[in-house]
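So you can see what is in the structure, the chains are spelled out below.
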Amino acid sequence: MNYQSDDKGYYGMFGGAFIPEMMHQNIDQLQNSYIDIIESKSFKDEFKLLLQDYAGRPSPLYYSDRLSDHYKTHIYLKREDLNHTGSHKINNTIGQILLAKRLGKTRIIAETGAGQHGVATATVCARAGLECIVYMGAVDVARQSPNVEKMKMLGAEVRAVQSGSKTLKDATNEAIRDWINNPVDTHYIIGSVVGPHPYPDMVARFQSVISEEIRIQLKLKVGRETPDYVIACVGGGSNAAGSFYHFLHEPSVKLIAVEAAGLGVETGESAATTQLGKPGILHGSRSLLMQTADGQVIEPYSISAGLDYPGIGPMHANLFTTQRAQFLNATDTEALEAALYLSQKEGIIPALESAHALAALNKIEFKPDDIVVVNVSGRGDKDMETFL
Amino acid sequence: MENRITKLFTKKDKEILSLYFTAGYPELNDTETIISTLEKHGADLIEVGMPFSDPVADGVVIQKSSEIALDNGMTIHLLFEQLKEIRKHVSVPLILMGYLNPVMQFGIENFCKKCSEIGIDGTIIPDLPLEVYESEYKTIFETYSLSNIFLITTQTSDDRIRKIDGLSSGFIYMVSSSSTTGAKGAVDQEQLAYFERISKMELRSKRLIGFGISDKHTFQRACGYSNGAIIGSAFISSITGVGTVTEKVIQFMKKFD
Ligand SMILES: Cc1ncc(COP(=O)(O)O)c(C=O)c1O
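Chains as they are written, first to last, in our numbering: chain A, 1438 to 1825; chain B, 53 to 309.
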């Protein structure tokens, strides 16, 4: 089975490009040029150098003695929290800004939930000297205020979105509307493996550096490239896509995706898409979607702004349906406990999103000689108000 | 039976006045009243919006009317109930316009069948791309004699316009500018250049211009380059506020006498 997208952007029955005609020109241009551009030598060289010297890659693969003791297995933490700007999001924004430059675009827009993607976009725009506008739900502006301040300091304009649930879904709607109204000069840097083809595949490729490094680092540390488990949280699914990417076709590697259960999957206040969703179309692709019988999108809930989204990327919908990945979930409370635990046992304060991945450690029966990699997708600075 | 859209254009091919409104707005059960009043007061064609929670191609007016309609309890099932008897007294072409997800959940075939039973003549589904329509849906739509209407914009290449022209059975929906829906006032130079470019292409399909058409002036301007125009947001705004919906529709239509 192939778990990558085909050339029309389909992962099994999921994916594609369900866009209004107003977006056709831009999406068509991306579809026809993205592979050539990002596979070109000049692009690869520039991307690699920036990941290294600007973002600080490779990010460490850290053996956690104390978690390993506690869970009676071998636990490695992939430290995406140590990247410049504090999360994996920078991998994608560096890639997309280089692409936007090559396409001759002069104005950048983005949506953001937790603000990590917004900060990562504002950062690369500052460096590239491009105008940057970030759409962010009004609820998220309030709960992730340190990131709002950072975006402003970096010279970006943050537009608070008042429609719908005032979170990530609505910020994405507004960014799409902006692109429809500004089709010529603007590139839309989508922050996860969602959206119309080619975004899911393109963002996954930019994030795939995570699993590329894990293979090399594990080989040095334990003498083999493949772990027994890779665990990552899923909002749209970009850090998980990057962590899984080079293991998708290694059946011995168990892929664990962790969704946000909010107050609990059955409570009506949740963002666990695979548990609550059905096939549907939102933001340009066919995937799993939380929706009513009438096809209206259900407003999700999670304490974590980055996971508070009613869908998942089409790659993950396919990994779920084919059972290539196992989908677990963690509640707000479980995530908060996991964040506290890692902080006090290892001196690492994880992002609330990443804390969901850590919480899943309690839900799996490991063998003593298992090699487990947890992706710590970001750091918790932005979440201090929620933690305290 | 001959499709009413085709029939309309054989009778009249200038200054076709088409109105769009969101079903379930301002009140849940206004749908039939709005349609019959529009017909009685000069509408040549009516587009009934099926509200969606996340209308990415729409500006604030239609976002708001959709939100209120959904709060009022509007669904596709209910819309079909409301329209069950519509052909007893309404003869203008009726088009349903909405996003793909609710239609998909209803079931494409089921949806087309219902449309044909009721006497719906066409659909506009902005996020159903041409290529997907062609490969997956075209035969179903044709079985039920439904015209699916495609959009073109200032950004659409000539090649693509030709392709759309070949696939169109009702008319081509010319989006007046690069934008989401909503009134923008005057028609500018760039739009005029685009209108002229399309006129010169001598397409086989009829063309209606929509997005940003708000009053008699912009309507007539658009009609100079097409077979007619579509008014959405401006009409919805005009049926908002105090007074009966019938009175407000009549008031609005008076401007086009
Ligand atoms: C640190 C962190 N992890 C994870 C996510 C979720 O996004 P994704 O599922 O695309 O990795 C976010 C999103 O804001 C984030 O900031």
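The set of hints was computed from the structure by calculation and includes no laboratory data. Where hints are given, some of them may not hold.
Said to hold, decoys possible - Examples of chain B residues lying across from chain A (beta carbon under 7 Å, computed):
#	residue
1	P154
2	P178
3	T205
4	S220
5	S221
6	S230
7	G234
8	D240
As the list claims (entries may be wrong) - Here are the simulated SDA-like cross-link-like pairs (lysine to any residue), alpha carbons at most 25 Å apart as the crow flies:
#	chain 1	residue 1	chain 2	residue 2
9	B	K116	A	S1600
10	A	K1603	B	D123
11	B	K215	B	K236
12	A	K1715	A	S1689
13	B	K215	A	P1620
14	A	K1445	B	I216
15	B	K215	A	F1484
16	B	K165	A	T1729
17	A	K1445	B	E188
18	A	K1445	B	I192
We treat Cβ as the ideally placed atom computed from N, Cα and C, and that holds for glycine.
Status of each hint after checking the structure:
{"no.": "1", "hint": "P154", "in the structure": "holds, 3 Å"}
{"no.": "2", "hint": "P178", "in the structure": "holds, 4 Å"}
{"no.": "3", "hint": "T205", "in the structure": "holds, 5 Å"}
{"no.": "4", "hint": "S220", "in the structure": "violated, 13 Å"}
{"no.": "5", "hint": "S221", "in the structure": "violated, 17 Å"}
{"no.": "6", "hint": "S230", "in the structure": "holds, 5 Å"}
{"no.": "7", "hint": "G234", "in the structure": "violated, 10 Å"}
{"no.": "8", "hint": "D240", "in the structure": "violated, 14 Å"}
{"no.": "9", "hint": "K116(B) - S1600(A)", "in the structure": "holds, 9 Å"}
{"no.": "10", "hint": "K1603(A) - D123(B)", "in the structure": "holds, 17 Å"}
{"no.": "11", "hint": "K215(B) - K236(B)", "in the structure": "violated, 29 Å"}
{"no.": "12", "hint": "K1715(A) - S1689(A)", "in the structure": "violated, 29 Å"}
{"no.": "13", "hint": "K215(B) - P1620(A)", "in the structure": "holds, 21 Å"}
{"no.": "14", "hint": "K1445(A) - I216(B)", "in the structure": "holds, 20 Å"}
{"no.": "15", "hint": "K215(B) - F1484(A)", "in the structure": "violated, 38 Å"}
{"no.": "16", "hint": "K165(B) - T1729(A)", "in the structure": "holds, 22 Å"}
{"no.": "17", "hint": "K1445(A) - E188(B)", "in the structure": "holds, 14 Å"}
{"no.": "18", "hint": "K1445(A) - I192(B)", "in the structure": "holds, 23 Å"}
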